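Asker: So you can see what is in the structure, the chains are spelled out below.
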Amino acid sequence: MEAKSFALIPEAASTIANQVDALYAFMILVSAFFSLLIAFLIIFFAVKYRYRRGVKPTFKPANEHSIGGLVLEIVWTAIPLGLSMIMFVWGVSIYFTESRPPANSMEIYVTGKQWMWKIQHMEGASEINELHIPVNRNIKLTMTSEDVLHDFYVPAFRTKADVLPGRYTTEWFNATKEGSYHIFCAEYCGTKHSTMVGTVYVLSEPAYATWLAAGSGQRSMAEQGQALFNQLGCGNCHASVINNGTGRGPNLNGVFGSVVDLKDAGSVRADESYIRESVMYPQAKIVAGFDDIMPTFKGLLSDEGMLKLIEYVKSLGLKNGAPNNGLPGSGMTNATVPAPGRPVGSSGANAPVVTR
Amino acid sequence: MASHTSAIEGHGQHEGSHDPNLKHHFENAEQQKETATLGMWAFLLTELMFFGGLFLAYFVYRHWYPVAFIDASNKTDVLVGAINTTVLICSSLTMALGVHYASKGNRKLLVMFLVLTLLLGGIFLGVKGYEYHDKWVHHEIPGEHFECHGCRDAGHASLFFSLYFGMTGLHASHMIIGFGVLLVLIWQAWKGKFTAKWYTPIEIFGLYWHFVDIVWIFLFPLLYLIDRVGKPLL
Amino acid sequence: MQAHTEEHHIVPKRVYALVFVTLIILTWVTAWVSTVDLGRMNIYVALSIAVFKATLVVLFFMHVKYGSRLTKLIVCSGILWLMLLLFITMSDIWTRGWIGVPGR
Amino acid sequence: MITATAPVIEEKNYLNAEHGLKSWLLTQDHKRIALLYLMAVSVFFIVGGFFAVLIRLELATPAGDLLDSNTYNKVFTMHGVVMIFFFLIPSIPAILGNFLLPLMIGAKDLAFPRINLLSWYVYMLAGILGTTVLLTGGVDTGWTFYTPLSSTYSNGYVVLTAMAAFVAGFSSILTGLNFIVTVHRMRAPGLTWFRLPLFVWAHYATSVVMILGTPVIAVTLFLLMLERGLHIGFFDPAYGGDPVLFQHLFWFYSHPAVYIMILPSMGVISEVVSTFCTKKPFGYTFIAFSSVAIAVFGFLVWGHHLFVSSQSAYAGMVFSILTYIVAIPSAIKVFNWSATMYKGQVRLETPMLYALGFIGLFTIGGLTGLFLAAMGLNVHVTDTYFVVAHFHYVMVGGGVMGYLAGLHHWWPKMFGRMYSRTWSMVAAGLVFIGFNLTFFPQFLLGYMGMPRRYHVYPPEFQVLNVLSSAGASILALGFLIPGIYLTWSLKYGAKAPANPWGGVTLEWQTSSPPPTSNFDVTPVITNEVYDYTNQEVPHIG
Ligand code: HEA
Ligand code: HEA
Ligand code: CUA
Ligand SMILES: [Cu+2]
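Chains as they are written, first to last, in numbering that gives the first Met the number 0: chain G, 0 to 355; chain S, 0 to 233; chain P, 0 to 103; chain A, 0 to 540.
Worth flagging that the hints you see were computed from the coordinates, not collected in a lab.
Because the structure is a prediction, the values reported are computed rather than measured.
Glycine included, every Cβ here is placed at the ideal spot set by N, Cα and C.
Hints are supplied without guarantee of correctness; some may be wrong.
Unchecked claim - Across the chosen pairs, the derived CB separations fall in these ranges:
{"#": "1", "chain 1": "G", "residue 1": "Ile8", "chain 2": "P", "residue 2": "Thr54", "range": "54 to 62 Å"}
{"#": "2", "chain 1": "P", "residue 1": "Thr54", "chain 2": "S", "residue 2": "Leu118", "range": "25 to 33 Å"}
{"#": "3", "chain 1": "S", "residue 1": "Gly168", "chain 2": "G", "residue 2": "Asn229", "range": "44 to 52 Å"}
{"#": "4", "chain 1": "S", "residue 1": "Lys134", "chain 2": "A", "residue 2": "Thr284", "range": "55 to 63 Å"}
{"#": "5", "chain 1": "G", "residue 1": "Asn229", "chain 2": "P", "residue 2": "Ile78", "range": "50 to 58 Å"}
Work out the full structure, taking the sequences as your base and the hints as a guide.
Answerer: Next up, the structure:
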């Protein structure tokens, strides 16, 4: 990392960073205005109206019951309210941008663990406490933890998100400047929290290609997932790839991103958390038309293994269609995710969708 | 909120100062009694929020794991639960009657109903103990040895039982505290401490006891009665 | 303040009896209803009955019906606060994943 | 100015009415209980401050050279736990509130004197539990106790610490209960709601938060203890439990709790500003209702601590807008205090200096709260030093400054002695300067991206950290001096008159220190609140 000179604002190296800085500047202006106003008023009044022995105030000051008083109260309620609504809308709009990864994002998996970051690229490369990414590409991180809460924070990108055990969270960014930047764990996670740090290397496209090539020879995540799938005997029931789903379990082709009807009630959108739950707690949600015979794989599978399986299931293309040959790495699956609140699928628009 | 000043107006002197139960910092018995009642209500507000946290956890997990909750809940014994609910409601009635006779200054009936309340409360706790024992025998206590035979979603059933023990345990501990206070009150009532003019402790204890009853009125359906379709009640 | 005189209102024993009988009947009704297939309505029916029972206890056994305005206010604010806790948190639970991305 | 020892014959007052340890430990007099609290709370402030000193020493260099990481984590955890649960929450309510509430409403005591004493014992029990943890090895969960770190992975005494906070909560509930009932039932004849001093309004609002919020943290900690101690899982992801549910429950209390910490201070400021401007607070009703509004709406915004925790974005949006709305009543107060000074007769005595410090620092702290409430910005600065700076500005710049203002304002009333005017002004200045030097650089650090709870940090953050540590030493001095001259005044201070500052609320109409029964005759109130028409401005110094 090159030595940085003393600065008050960290490098702005993502598309979102400038937006955040702009809001920050606006808030500073508003705050400076009010702080200086208040400071000026109290000092000015303290001097101007300081107590002088024997001098009584000459005329009755206005109070809240006078019209002037009421107008004042209204004014100093309305102006802050108006300003704060601007802040609210502005803040929310940035937040929603930060929450919705663009459809064409390149996917990377992150596993937090006391006290390190394990990063897996779709192409198969994996790294620890380092993240190599190409510049000017939308990157989407799908993250989970093996133990406690962590938080993946890159100040230069102005973004972070908690990393939780037992479920998945998402963070995305688009780095705009080549260089290296801090990764911090920003959620307190025990003894060595402050050393759970790393570096993001933002590389030019060619440099990134070179870096990837150096790590090649690795099988892609989906391929590794497929190996696991076979090793664990999932295919005995989900013979999806082989005979297109005549096994005892449902056809997994294209399950990912679809809305699955459940036996008991309602339906659920098959996202990462659902696939995970299906494997760890298969009885929690039973697919309509099937029996609850799937065994749990809890304890047989590491969190990283789980991610590989998920990536494999993701790669299985569209329902009832041919596999999309997405191997290796079908970063596009996300496009099939339905619009918020309006799940698509056979179950109809009214069925409640259970998500976590 | 209406001010209470009218109640005090014109009382410069301590008119009730001969009442041995009147504390020095109150103007009169009326003020003292209202103060105590208000205090108890405020306390019950606190109690409500205390249980609230558990109810919240219950609703979240039931929402997520309906199957686990159905199966785990079906392991409880409705009949025992319903009988215990009945017992508790009876104790609420006897408590209410106790307050009623206290207000009439009827010492004998007051003592009798308080004793009945105590007995019913005791039965409730006894039955609860029996149920806990049953759960213990069946390894249905969350932790290392937890089992949930025949539960479809055994992995999440543990949460149900955590809540079951958390909620009923907290409820039972309130019963036990009530039990202790009740013993004291019975003794005092027996000694003739309460009169038709002053029976505030009985009255505010009644509020507490009914509150505990209300908590159970919710716990019963939430813990015992999830989807028992096709299962016999008796 | 009117409430003062009402505070000493003595509830007739007949009212207690009536409330008591209703409570007992509802206990067994709610137990029975749980064996009927109501699908998702199960919890709503059970809770409605429980709310009704609790209301009876509060109004009559706890004398709130005859109590002061302040007592009523306290009871209502208690319920309101509990609902705030439950509903606001559930609103998070219900809307998780609406964006369509895990953890958002 | 401070003359020789006081006259030999003293009037009977609550201090000399009875003697002996027993007369203190079994007292039911709210004034004596207030002093019991004063002693205990002061001890915990010193303990918490000691930990703060360790934190700042460690952070003066980027490397983890003074403490090892485990110790550092324990230090900031105990700093947070002690400062919040054992210092700031009980500080103003249990000391000044306890002392003044009955006096201000013309009552002989609180509604339930025995429960009041009980609350002190409960607090002491909690304190003993907490101290046990301190002495036996500490706890390293952070004051927020997030699961599953606290329930499964922490290597400290989590159950005992949770128990301490749990028990302390009950002491706070008992205090709140007592205040609410007292304000409703014990007011002197003629003292209507809109004749109540603003201090009383603020404490009433605080009490509402105490009795409605505290039980929720109690049950949350109870569940945590079950999970940690007995492996009965409630939040454990291993069983499908939700760690974010813990956070909801925790902040349902702990956000309103920040208003437990600031509302009483705001009450103090209203009194002090009014007294030293010899003027009814501008917008009395607005200030009164804004306290209640803060208490009520304060319950709707807890989710602003969860913006990056995987809470739903839509829920977050609702929490964000509600957070902005709850900021407005605070703004109303700040403007009304400033307006009170307009055409007043402003006297810059020590309490007033602290009050002005409060207004300025709370404004900065509150405004930076708005930064945090803006979701998009929060994502960047949450869990960084920006948050640390924000809450020290409101809690130290606001809460502690308000507490010091109150302590200096009512010290003569409580002990019947004056303290050194010069020294108290010097201290006020040092606190103000030291405070800003300590915590302003932390805003910058936070935006630079330095995460909180970091024991070692990258070298580029060092300059600002050194400034902060330097400030902290000035601040420590600023807090040390009052400790000395206030203690000194107890024996050597000049005797205080009944009404040294020219206040018009009821407590100034009884002697200093007040008699055990507060007033010789029950006061009957006939005039409006803050009626200065007949009040002469006393000459001081
Ligand atoms: C006394 C304690 C106190 C007080 C009063 C406040 C007051 C406020 N707080 Fe703060 N807060 C804390 C103590 C406090 N806070 C603590 C301890 C934490 C961190 C806990 C932890 O994680 O360890 C925290 C964290 C915290 C967060 C979460 C940060 C994070 O972890 O990501 C947020 C986010 O919204 C927030 C917001 C606010 C707001 C909007 C106010 C508002 O109430 C402020 C209102 C005041 C003003 C606005 C100033 C006066 C107004 C004017 C002069 C007029 C101009 C006004 C406008 C333009 C609107 N606070
Ligand atoms: C009321 C609350 C309160 C108060 C008053 C303070 C006071 C101070 N705090 Fe703290 N702080 C918190 C609440 C508070 N803090 C909380 C909740 C956290 C979060 C914890 C967590 O992350 O879990 C925190 C965290 C925190 C951190 C971040 C740690 C980290 O994230 O790694 C830092 C770092 O600088 C800090 C510094 C200070 C300093 C320098 C003071 C100074 O103001 C202290 C000055 C006081 C003294 C130095 C005492 C000296 C006084 C005397 C010696 C008087 C003698 C008296 C007599 C003789 C009678 N605090
Ligand atoms: Cu991982 Cu902090
Ligand atoms: Cu908050």
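Asker: Using the beta carbons of G:Ile8 and P:Thr54, state whether their distance is inside 54 to 62 Å or not.
Answerer: holds (58 Å)
Asker: Could one say that the CB atoms of S:Gly168 and G:Asn229 fall in the range 44 to 52 Å?
Answerer: holds (47 Å)
Asker: Could you say whether the range 55 to 63 Å given as a hint is met by the Cβ separation of S:Lys134 and A:Thr284?
Answerer: Because 57 Å falls inside the window, the suggested range holds.
Asker: Take the C-beta atom of P:Thr54 and the C-beta atom of S:Leu118, compute their distance, and say whether it sits inside 25 to 33 Å.
Answerer: Distance hint for P:Thr54, S:Leu118 holds at roughly 27 Å.
Asker: Please check whether G:Asn229 and P:Ile78 have a Cβ separation lying inside 50 to 58 Å.
Answerer: holds (57 Å)
Violated hints are absent here; each numbered hint is respected by the structure.
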